[in-house]
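Student: Next come the chains, spelled out residue by residue.
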Amino acid sequence: MIELLYLAAAVMFIIGLKRLGHPRTARSGNTIASLGMLVAVVVTLVDTEIVTWATVIAGLVVGGSIGAGVARRVQMTSMPELVAAFNGSGGAASALVALAEMIRIGPDTVAVEAGIATALSVGIGTVTLSGSFIAFGKLQGLLPGRPIGFEGTNALNGAIAVGAVAIAGWALATGSIGAWWLLAGVTLVLGVLAVLPIGGADMPVVISLLNSFSGLAAAATGFVIANSALIIGGALVGAAGLILTFQMSEAMNRSLANVLFSKFGGVAAGPAGDADAVNRATTEDVAITLAYANSVIVVPGYGMAVAQAQYALRDVADALEARGVKVTYAIHPVAGRMPGHMNVLLAEADIPYDQLLDLEQSNPKFHQTDVVIVVGANDVVNPSARDDATSPIYGMPILDVDHSKTVVVIKRSLSPGFAGIDNPLFYLDNTLMLFADAKEALESLTRSVVDA
Amino acid sequence: MIELLYLAAAVMFIIGLKRLGHPRTARSGNTIASLGMLVAVVVTLVDTEIVTWATVIAGLVVGGSIGAGVARRVQMTSMPELVAAFNGSGGAASALVALAEMIRIGPDTVAVEAGIATALSVGIGTVTLSGSFIAFGKLQGLLPGRPIGFEGTNALNGAIAVGAVAIAGWALATGSIGAWWLLAGVTLVLGVLAVLPIGGADMPVVISLLNSFSGLAAAATGFVIANSALIIGGALVGAAGLILTFQMSEAMNRSLANVLFSKFGGVAAGPAGDADAVNRATTEDVAITLAYANSVIVVPGYGMAVAQAQYALRDVADALEARGVKVTYAIHPVAGRMPGHMNVLLAEADIPYDQLLDLEQSNPKFHQTDVVIVVGANDVVNPSARDDATSPIYGMPILDVDHSKTVVVIKRSLSPGFAGIDNPLFYLDNTLMLFADAKEALESLTRSVVDA
Amino acid sequence: MSELVITGIVVFVLAAFVGFEVISKVPPTLHTPLMSGANAISGITIVGAITTAGLGSGTVAAVLGFLAITAATINVVGGFLVTDRMLSMFRNRPKAKARDD
Amino acid sequence: MSELVITGIVVFVLAAFVGFEVISKVPPTLHTPLMSGANAISGITIVGAITTAGLGSGTVAAVLGFLAITAATINVVGGFLVTDRMLSMFRNRPKAKARDD
Amino acid sequence: MRIGILNDVTQLQRRVTLTPDAVAKLTGDGWDVVIESGAGSGAGFADEAYRQVGAKVSSRQDSLAADVVLLLSPPDPATVGDLSPDAVVVGFLDPLGSPEVAQTLADAGVSAFSLEQIPRTTVAQSMDALSSQATAGGYAAVLVAADESTRFFPMLITAAGTMPPAKLLILGVGVAGLQAIATARRLGAVVSAYDIRPETREQVESLGATFIAAPTQQFQAGGYARAVSDETQAEQQQALADAVAQSDVVITTAMVPGRVAPRLITDAMIRQMKPGAVIVDMAAGSGGNVEHSVPDRRVEIDGVVILGPSDLASRVAGDASRMLAKNITSFLALLFSTEDGFDFENEIVAGSCVAYGGRLFDRAAGAGMEDADE
Amino acid sequence: MRIGILNDVTQLQRRVTLTPDAVAKLTGDGWDVVIESGAGSGAGFADEAYRQVGAKVSSRQDSLAADVVLLLSPPDPATVGDLSPDAVVVGFLDPLGSPEVAQTLADAGVSAFSLEQIPRTTVAQSMDALSSQATAGGYAAVLVAADESTRFFPMLITAAGTMPPAKLLILGVGVAGLQAIATARRLGAVVSAYDIRPETREQVESLGATFIAAPTQQFQAGGYARAVSDETQAEQQQALADAVAQSDVVITTAMVPGRVAPRLITDAMIRQMKPGAVIVDMAAGSGGNVEHSVPDRRVEIDGVVILGPSDLASRVAGDASRMLAKNITSFLALLFSTEDGFDFENEIVAGSCVAYGGRLFDRAAGAGMEDADE
Ligand SMILES: NC(=O)c1ccc[n+]([C@@H]2O[C@H](COP(=O)([O-])OP(=O)(O)OC[C@H]3O[C@@H](n4cnc5c(N)ncnc54)[C@H](OP(=O)(O)O)[C@@H]3O)[C@@H](O)[C@H]2O)c1
Ligand SMILES: NC(=O)c1ccc[n+]([C@@H]2O[C@H](COP(=O)([O-])OP(=O)(O)OC[C@H]3O[C@@H](n4cnc5c(N)ncnc54)[C@H](OP(=O)(O)O)[C@@H]3O)[C@@H](O)[C@H]2O)c1
Ligand SMILES: NC(=O)c1ccc[n+]([C@@H]2O[C@H](COP(=O)([O-])OP(=O)(O)OC[C@H]3O[C@@H](n4cnc5c(N)ncnc54)[C@H](O)[C@@H]3O)[C@@H](O)[C@H]2O)c1
Ligand SMILES: NC(=O)c1ccc[n+]([C@@H]2O[C@H](COP(=O)([O-])OP(=O)(O)OC[C@H]3O[C@@H](n4cnc5c(N)ncnc54)[C@H](O)[C@@H]3O)[C@@H](O)[C@H]2O)c1
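Residue numbers (the numbering used here), protein chains in the order written: chain A, 4 to 455; chain B, 4 to 455; chain C, 3 to 103; chain D, 3 to 103; chain E, 32 to 405; chain F, 32 to 405.
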């Protein structure tokens, strides 16, 4: 019976995970998964012949308060490090359970399979623990974000890993409890050394990988205590976390190996200099932002013309309108390189005239607009023309796109436009930069908007 | 060890099934799945302490020759009925194994769980058997394709099903072998009665559902003989088959319930009269056909103009060109309703002039073209203008699209065009009709081509 | 319920989930081949048929076993072969850009 | 290998497949919430912690058990709550056409 | 057999019946071609070009003496007098507008075929000179209007202000009207249109323009609109008045074959229009859709400019002549496809014949006449 | 203060410096406006329309006596004589082409600002009358060419044959050239273009047209092309000759401020062109890009028609005047934004001033002069 209830919990995990992958269902997915967890915990509390209620309740209360307190209070911007910290606890818990079980049964009487499982649980769990907290430190600024290490870091870590396997073998063979503690210590160090050489910007990928690890640790613990809930739940998270890790490194246009091992291997290829100061976005980010907006204003510029992106732009607008998003176009009087440049191109794509707003019509609208999408425009949305009396273009009326909730800018780089001056818009907190050729970006945007 | 090899076979089934879902990988998926089966069979032959080798080998040889012989020789057009026949054998095999096991162990000594599993296996297996062969008969023309039944068919079938459950209970309670045979007989009849009232056009959906059933029967048999390979393989097929069944009824714009129970419930909504005589295609069919072509010629007509589908058409062409397909346009001199009608619209969508061919340029090209896609044109591709001296439009030069390998026609119905006459093109064997508004059809076509 | 049955249920449920998830949106052209391939997989019951028939106890069981093996083998052999025939039309065009998933 | 371990492996492999398949292409905005939610699920180890700590044998095991329960509970409770907070931004716009999958 | 081409070039008529390319094709088929000097000059074809493809450049007399004489407009009696008695005349003979010409031709004993009378069937489209010339006319009408208008047609948002797009209204959506819609849309104008035939709504929309729905519409068989009742006309005028008042440019093309063109725009409506607005009346020569319009004159009423150009096709004389030449060669190919005499069983031949065997051709009795002839 | 508007309407000049809308805005801002009767007639604005927005419709004398006088072209000495001595003159004064006019104005003691001299900077774009009028000109040039051409611009596949699209070549891709490209593309022509400034390649392509790459290109600072060396010119002519020979229409817009327009198309190149081809030389008034081109005349060489229209902007007089009025009001707002005298620190004010305080304005010493003045 208890097994079937565990199975029910596992099914809820599966459904929860699946729903977490889609914006529309993500929140309910989380709820379903948490209910699954509740089922598993209650079943366990009822089923286990608990003799030490005090310990159990104390643990639940202390852990629950810490978890809930931190989760409620932390800033939205510190989410990734919080996930890292939680993940570390999870890894620790798995390792601790395996160790406790080992001690309970007695290190010398344990079966080989259980021993191997314990070694895996301890090893993976502690790596998760220490690795997660290094990641946490890097993101919180407690540790320097830059890669820390030396040429041979990867080799050293390899050696430590081999050592850990040897220690595990020794522990299994001798049944010495000290060997188990040593194993835990060594893998703890391994976690630290493996994450330190990775740059702060790559931490989310690392956390995701460690998340997959904590799943594997839980599964290993499941083998130790012969509990199917742990095996299923752990395997699920281990696999799902791995897929997610690949997707995240893919979204950064990196291979996972490049993220994990590159910094001191020479290949290091991080984002360029001042591009660090902007919020880079991917097509999917932008698609979600647009798809869930109520109103979108498009600001086309010379870059749209250069990319001949007018048809692709029209397709994005159609996809948005099909979702009920209101789309209009704000045309700056000098956008492009000739009077009426944008008009010619938008007319080519048969964008209805009544969706075109000129400067006077659009400026009062920006502050009530969810998203402005700037397609290859630059000077005409440069706030320094409005705010900076020393700017060479000071006095030119601009489109006040920065008054909207979110600005998405599609251009290939941070290069300046016709006037040859930098644009503070790109560095604003509510600006997302999508660096790409306008046509290509808009084409993939259409697909992503349809799928969002 | 044997369990792990079964697991390996199961993994191969999973991978095989996944790959079967994508055109590019489907064939290798089938190979992988068949290797998984080989592994499972060999493992079983080695592992089981076979005493009756003669029976086993005879079964394998006889079954193998029949299966291989039929599979090789049958016409491509009779595939669905062949699948039905094979599926019937599968269902029969599961029921037979369960019955044999029941007899081997003895009906009165069997455990309750095994008994329930046997009942499921026998019930589902025999329904699959008889249902599949009725489907086979309908498709082969051995039985009339039209629905056969009466008002209360569904109610009667419900009653039989309830009766079958009662018989199973009786068999379990009494341990009478006769009860088991009775059960098999009743469910055999149920399969016949359930499928007879369904029309021939819906048979593919029914076969898919019965395929899912044969998976469930195998899984039930797995419980009977406590074999994980059967449980996993059966569950996989049961679930995958169900999903596929839903997708197939969706592709027909029907609900599954509507397919299974509608005919004598009143809601019956089959395709219209003479539309039966044409090859109806879905967007996905057309997308695959286009995506794997080398050269495509588009023939636009007045319907493209009415639907204002020129931009959507351009998107399809772009998607095809991105895959390396060569796309050109054949413009008939009187396509549309004014001289140069198509030119205006294609120019709006900025389709390059050098891709436009007039009648003289395009007619010699059709016979070496893989696919012609006719978008809302009718009279200008009507072969009777060329072939039928009694036709009112006899003598008008037409685009000889019927000379190409495949013709796809997108229009909303079989309604005639300006000239008001029927078009034999639509009924040709190499013509696929996609009944839809041109703009909507092309828009979803773009997505499907990108995904194909 | 016996341990074995419970394990069976767990395995069944998980396998069913894999079955559900593994089939994403399938283009209709692949409906019949996929159905046919899945059907061949459901011929896994051949394993049960071999076990049962192989153990051989009594004439009825032997006949049933022989029939079961024969039927299952038809399903397996015929199913995979016919699927392969259907799929032979999807040979990759050499010109298409290599895109594997 | 014990029957139990083998069953465990079968279950593990199937669950891993479910895990692989259940995650289709996820929009990057959901990367962090999904990671966080999955991480909370990996807190299932809490079940093990309760079992081990509850059985109570010896001080070391008890301390370890207490620590394990605490750590696991932090992971579970904090994880689900924080995921929910992150996801509160995806409240469905009422105007968007209802499209559920 | 010899084909004769005349030089009909004037200030307003710049087309020619056959282009050098068409002549090359005909001489290849065994025809002799004689062309009056300067015939192609209005459309950009020099005598030399014709000479190079084997035509004989000669006098008007020579051309008129040919076996087949091609005409761009109904011939005057003098011209008819110069024809050889067994000549075949093909051209725009306007048998409905100037029936006396047909009589003259009949009296002269020649066989005369009117391009206007070729049935507007699917099969006859390659010979349909009305369609081809209306295509040129609809295109040119928009250019004339754009040139006359003081406004940009497309919308322009510039540093010197936002210029809204021009509003164009097309009345009468036959071949010329549709081409006008297409051309105006190309130029970026906002186009709406109206025709009395209800099926034109879909056609207008198929070009991305808006149809102006009028309260009463009546379907007319045969593709042609017949004169509509007074009441219908009144209602329709009321419905259109608003549209007209808002337009920057109105182009009217409404015609009813053999009748005076319907009056669509009255003085009162003109006076509701904005100063600077432009009206192009393509029916000015057939009575005019617009009050005050005068063929080939520029009239200004309250700041509204009314043009009645009759030379629209000639404004793209080169391409208009190319199309016409294609029509004529297709028609000649049909006409002379039968060995012994004309095939009056053929509805195109019978439909277009106006004079044959010394008599006016009676279409109903077509086949019978042929018998009589033998 | 009072603004004076003159009636400069002729057959070729139909624009007006202020539209009724602009006048309404100015009177709202406290200006008096006096307008010579009929000044708006060429652009579709009646005297009555001006009167309604508060302008005084009056004589030429009255307008010339205003504090600020707006001019469409350099004034003749008589006009200058009628100005009040402390008048401010704003308009197209052509200081580079007719430097003597600036001297006359300086001698009269008036302050004179030339619209042509407003710097072509990003900030000054709302006052950039050269750009706005070139926009109108580029648009009109295509209409003129389309009207003159005997061919359709778009491709038409019809029952009467396939008409290939017209090939247009635009030489000189400034404001007018770009607008010509855009307009020709709208009409469906196949457009290619050339300019000596390399950055125009991207601009041409951004309108979907093809850039004709010439072997030698040299980049010129400041947005303006300077006269190019003889050698470069020779190479370039060779490169363009083929393109010209294949074109149905060529529109030339190449200019170098203060210099004679470069000669891009020679007699030899013209004789390579097809009969019926059309050339529109927008630089005909500044010396001509095309040999044989004569301002406002139609010249035919070997069947090739060469037009040199000087009235292109006036062909869309209404919208051209609207844009010009917006330019002028923006400029006046800047000019009179400072309380005491003109702000010669401002590069637009300094850049456009040609005469001030009785002397020709020396831009370099701009600020100094202002001091001297106080
Ligand atoms: N309208 C007129 O009449 C006229 C005439 C002359 C000058 N101007 C001047 O031109 C400017 C117009 O402003 P604007 O905002 O339209 O343009 P802009 O300021 O020149 O900026 C255009 C931007 O487009 C981006 N871009 C270029 N190619 C692209 C591609 N293929 N895909 C995506 N982005 C691309 C460029 O950034 P990346 O390189 O990073 O991609 C560039 O920063 C003003 O300064 C105006 O004064 C206007
Ligand atoms: N070009 C000219 O100058 C001219 C002038 C006058 C007449 N015509 C005549 O017009 C005809 C032109 O031939 P054609 O092949 O272009 O057209 P057509 O023969 O008139 O056929 C058009 C087809 O488009 C389909 N259609 C209409 N709306 C549609 C939509 N929204 N989506 C998809 N399909 C749609 C219609 O079928 P469904 O209703 O089933 O969708 C119809 O059968 C010829 O007979 C020609 O003689 C031509
Ligand atoms: N069968 C073919 O392939 C073919 C070929 C060419 C033309 N046609 C048809 O021939 C018909 C005539 O074409 P056309 O261009 O020579 O016509 P037209 O020049 O005779 O008349 C022009 C238009 O004016 C309209 N009209 C008449 N009275 C009107 C009124 N009071 N108000 C508004 N509009 C009015 C007519 O309906 C017509 O559309 C059209 O239906 C056309 O489609 C058919
Ligand atoms: N800063 C701004 O916002 C702004 C505004 C308007 C114009 N401009 C710039 O001012 C410049 C001049 O514009 P314009 O339209 O007044 O130019 P223009 O009328 O003086 O000249 C027209 C074009 O002719 C070209 N040309 C000159 N000699 C040539 C030759 N030998 N061969 C080919 N082409 C030749 C020039 O390069 C120029 O593009 C352009 O660069 C334009 O972009 C800038």
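Hints should not be assumed to be uniformly reliable.
[Said to hold, decoys possible] With beta-carbon atoms standing in for the labels, derived distance ranges: (1) Glu131/E to Asp178/F: 41 to 49 Å; (2) Tyr356/B to Gly423/A: 22 to 30 Å; (3) Gly60/D to Arg283/A: 49 to 57 Å; (4) Ser26/D to Gly178/B: 30 to 38 Å; (5) Pro367/A to Asp98/F: 32 to 40 Å; (6) Leu6/C to Ile60/B: 45 to 53 Å; (7) Ser31/A to Ala272/E: 19 to 27 Å; (8) Tyr397/A to Arg290/F: 26 to 34 Å; (9) Gly109/A to Gly181/B: 51 to 59 Å; (10) Gly109/A to Gly178/B: 19 to 27 Å.
[Stated by the list, open to error] Using 27 Å as the maximum straight-line C-alpha spacing, the simulated DSSO-like pairs for lysine-lysine come out as follows: (11) Lys27/D to Lys368/A; (12) Lys368/B to Lys305/E; (13) Lys408/B to Lys442/B; (14) Lys56/F to Lys329/B; (15) Lys198/F to Lys368/A; (16) Lys368/A to Lys329/A; (17) Lys87/F to Lys305/E.
Just so you know, these hints were derived from the structure itself, not from any lab.
Every residue, glycine too, gets a C-beta built ideally from N, C-alpha and C.
Student: Against this structure, judge whether each hint is valid.
Tutor: Evaluated hints:
1. A beta carbon spacing of about 36 Å between glutamate 131/E and aspartate 178/F contradicts the range 41 to 49 Å that was offered as a hint.
2. In this structure the supplied range 22 to 30 Å is violated for tyrosine 356/B paired with glycine 423/A, their Cβ-Cβ distance being about 37 Å.
3. Checked against the given bound of 49 to 57 Å, the beta carbons of glycine 60/D and arginine 283/A, roughly 53 Å apart, stay inside it.
4. Serine 26/D and glycine 178/B have their C-beta atoms about 49 Å apart, which leaves the hinted 30 to 38 Å range violated.
5. Range check, proline 367/A to aspartate 98/F: Cβ separation about 35 Å, and the 32 to 40 Å hint holds.
6. For leucine 6/C and isoleucine 60/B, the Cβ-Cβ distance of about 30 Å falls outside the hinted range of 45 to 53 Å, so the restraint is violated.
7. Taking the beta carbon of each, serine 31/A and alanine 272/E are about 59 Å apart, not inside 19 to 27 Å as hinted.
8. Taking the beta carbon of each, tyrosine 397/A and arginine 290/F are about 33 Å apart, inside 26 to 34 Å as hinted.
9. A beta carbon spacing of about 57 Å between glycine 109/A and glycine 181/B agrees with the range 51 to 59 Å that was offered as a hint.
10. At about 48 Å, the beta-carbon gap between glycine 109/A and glycine 178/B misses the expected band of 19 to 27 Å.
11. A C-alpha spacing of about 35 Å is found between lysine 27/D and lysine 368/A, which places the hinted pair above 27 Å, so the restraint is violated.
12. For the suggested pair lysine 368/B and lysine 305/E, the alpha carbons sit about 54 Å apart, so the restraint of at most 27 Å is broken.
13. At most 27 Å may separate the alpha-carbon atoms for a hinted pair to count; lysine 408/B and lysine 442/B meet this at roughly 24 Å.
14. As the CA atoms of lysine 56/F and lysine 329/B are separated by approximately 58 Å, the hinted pair breaks the 27 Å bound.
15. For the given pair, lysine 198/F sits about 43 Å from lysine 368/A by alpha-carbon distance, which is inconsistent with the 27 Å threshold.
16. A distance of roughly 13 Å separates the Cα atoms of lysine 368/A and lysine 329/A; the hinted pair therefore holds under the 27 Å criterion.
17. Proximity of lysine 87/F to lysine 305/E is assessed by CA-CA distance (about 23 Å); at most 27 Å being required, the pair is judged to hold.
Against the hints set out earlier in the document, violations occur for numbers 1, 2, 4, 6, 7, 10, 11, 12, 14 and 15.
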